[in-house]
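Visitor: All chains should be built: construct the whole structure from the sequences, respecting the hints.
Protein chains: 2
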Amino acid sequence: MSGRTSRYDYIREGAAIYARSFATIRAEADLSRFTSEQAQIAVRIIHACGMVDVAPFVHMSSDLVSSARAALRAGCPVLCDSEMVAHGVTRARLPADNQVLCTLRDPRVPDLAQKIGNTRSAAALDLWGPLLDGAVVAIGNAPTALFHLLEMIDAGAPRPAVIIGMPVGFVGAVESKDALAERDDLEHIIVRGRLGGSAMAAATINALASETE
Amino acid sequence: MSGRTSRYDYIREGAAIYARSFATIRAEADLSRFTSEQAQIAVRIIHACGMVDVAPFVHMSSDLVSSARAALRAGCPVLCDSEMVAHGVTRARLPADNQVLCTLRDPRVPDLAQKIGNTRSAAALDLWGPLLDGAVVAIGNAPTALFHLLEMIDAGAPRPAVIIGMPVGFVGAVESKDALAERDDLEHIIVRGRLGGSAMAAATINALASETE
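As given, the protein sequences belong to chains R and X, one line each in that order. Position one of the first sequence corresponds to residue 1 (our numbering), numbered consecutively onward. Position one of the second sequence corresponds to residue 1 (our numbering), numbered consecutively onward.
Errors might be hidden in some of the hints.
Identical copies go unnamed one by one, so any copy, or any two together, can satisfy a pair.
For lysine to aspartate or glutamate, the following EDC-like pairs were computed, each having C-alpha atoms within a straight-line distance of at most 20 Å [stated by the list, open to error]:
1. 115 x 151
2. 115 x 126
3. 115 x 9
4. 115 x 13
5. 115 x 53
6. 115 x 30
Treat the hints as calculated values from the structure; they're not laboratory data.
Guide: Here is the structure:
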């Protein structure tokens with residue numbers, strides 16, 4: 001802009017920033033083991049965390065992308081374990097004005113957690129009820145939530161269309177994601193190891209929601 | 001709990017998970033260059049991203065912790081560049097029921113961005129007005145927001161108490177954080193390089209908000 005006085009010189013145009021970011025990621029990251037549509041997902045995960053080195057840790061089941069996209073187009077809800085994941089979803093990318101839900105702050109959660117002997121993050125999932133049927137589920141924070149989701153499904157809960165398994169951290173994150181990866185019966189995407197978190201989980205939803213890069 | 005049937009064996013108690021996580025971080029991370037109170041902040045940043053290797057990239061000005069804690073105790077607002085950062089703040093840790101604000105979704109933002117020739121993330125900061133005076137500011141997403149904040153201060157905007165500078169990514173993140181680190185006149189904490197993001201920024205707020213680990 002004319003008339004600007006700033007000691008800083010930087011790109012100020014959102015679309016140009018996105019384009020240059022994605023070009024840098026594609027130049028630096030090894031995406032060779034992904035299909036073209038899988039690579040779109042991996043690129044957005046890398047974009048969210050600033051690390052091209054995360055690519056080798058991203059694993060998805062073979063029908064993850066097509067299953068998620070079909071479910072979203074059909075209007076399925078997006079169920080999240082944390083408010084940060086829910087607030088990271090770009091609503092304009094969702095194909096069917098899909099509901100995005102996090103039940104962690106529901107007032108029933110503390111008592112429910114006490115009753116089932118698990119964390120509030122895990123207990124919150126028990127409030128999803130029939131919405132779980134055919135949903136896109138994103139676990140971006142709590143390993144206990146991912147473990148509990150697998151237990152719920154074992155106990156006969158409705159089956160989601162896909163599970164984005166990206167809890168982060170030092171206790172249970174590795175193990176819960178390995179447990180999900182072993183489930184041939186559930187379409188899933190994980191980031192192996194301790195890495196993960198709400199930004200990667202939200203980026204995955206945003207990538208699955210639209211083919212627009 | 002008696003009666004539980006699950007194929008998964010994991011820790012289900014929130015406090016135990018936190019304690020074990022922090023113990024693991026303190027055992028693995030090199031925190032030797034931090035003071036005791038600075039180490040508390042670094043531990044929570046590591047906890048948020050699952051990487052002990054982030055420790056060498058964390059830099060804070062010498063009075064960052066004391067300045068932030070004094071400001072928060074005095075009731076200053078917490079101003080965030082993204083909804084994810086705002087929703088990552090644990091309200092119960094804030095010492096004075098402090099306001100947590102993100103103006104990115106204010107309906108005036110798109111026009112303002114057009115007018116100033118910058119991103120919506122940057123333009124949203126122009127709506128903070130007098131709240132900026134003595135605030136804790138957390139930039140956890142957009143490099144343009146951090147650059148614009150420095151420009152606003154150069155142009156005479158009120159001065160925040162501290163700046164948490166943690167934009168993430170491939171275009172401007174490195175440069176904007178380096179620019180903040182060069183400012184002796186602003187108390188700050190950054191994560192150098194491409195790493196950063198809303199989870200680390202929110203974790204920093206949560207660590208500064210309370211000395212409880």
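Visitor: Can you tell me if residue 115 and residue 9 fall within 20 Å by alpha carbon in one copy, between copies, both or neither?
Guide: between (56 Å within a copy, 18 Å between copies)
Visitor: Pop the pair residue 115 and residue 13 into one bin, within, between, both or neither, using alpha-carbon distances up to 20 Å.
Guide: between (51 Å within a copy, 12 Å between copies)
Visitor: Should residue 115 paired with residue 126 be assigned to within, between, both, or neither, using CA atoms and 20 Å as the limit?
Guide: Classified as within: same-chain Cα gap 11 Å, cross-chain 47 Å, threshold 20 Å.
Visitor: State whether the alpha carbon distance between residue 115 and residue 53 is at most 20 Å within one copy, between copies, both, or neither.
Guide: neither (41 Å within a copy, 38 Å between copies)
Visitor: Evaluate residue 115 and residue 30 at a C-alpha cut-off of 20 Å and name the case that applies: within, between, both or neither.
Guide: neither (46 Å within a copy, 40 Å between copies)
Visitor: Using 20 Å as the alpha-carbon threshold, which applies to residue 115 and residue 151: within, between, both, or neither?
Guide: within (16 Å within a copy, 52 Å between copies)
Hints 5 and 6 from the earlier list are contradicted by this structure; the remaining hints agree with it.
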